[in-house]
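Could you put the whole structure together from the sequences, leaning on the hints where they help?
In terms of UniProt numbering, the sequence shown opens at residue 1 and continues consecutively.
Keep in mind that the hints are not guaranteed to be accurate.
[Unchecked claim] Pairwise CB distance ranges (calculated):
(1) 37 x 1: 46 to 54 Å
(2) 37 x 5: 29 to 37 Å
(3) 32 x 3: 32 to 40 Å
(4) 15 x 35: 25 to 33 Å
No wet-lab data here; the hints were simulated from the structure. Note that the structure is a prediction, hence the values are computed from the model and not measured. Glycine included, each C-beta is placed from N, C-alpha and C at the ideal position.
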Amino acid sequence: MKYANDPFWIKVRMLSFILFWIVWWATLAGSTVIIFYTPKCSIQSDVKESTGIITTTLAGVMDNSTNVPIVSTLASTITTAASTVALAYI
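In structure tokens, the structure reads:
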């Protein structure tokens, strides 16, 4: 630790410390400005219609008569996929 108390290296360490925090805060401020001034994306109507998101209500979920076709379709798909995977391993 021969240079620990050398006045030159004390100044270099202090300057490095101060510059680090200045750059850190400038980076934080810059990223905040970029996020704030970035134009927002507008969703076109064709994108809204082509998404695979299913919207439902609690009443629709609780009513089993509306979910029967969905459940039977999923069950047949899972069964078909499972049998295909089982045949691939044989």
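Status of the hints after comparison with the structure:
1. Distance hint check: the CB atoms of residue 37 and residue 1 are about 48 Å apart, consistent with the given range 46 to 54 Å.
2. Roughly 47 Å separates the CB atoms of residue 37 and residue 5, a value that falls outside the hinted 29 to 37 Å.
3. Range check, residue 32 to residue 3: about 38 Å between beta-carbon atoms, so the 32 to 40 Å window is met.
4. A hinted range of 25 to 33 Å for the beta carbons of residue 15 and residue 35 is consistent with their spacing of about 31 Å.
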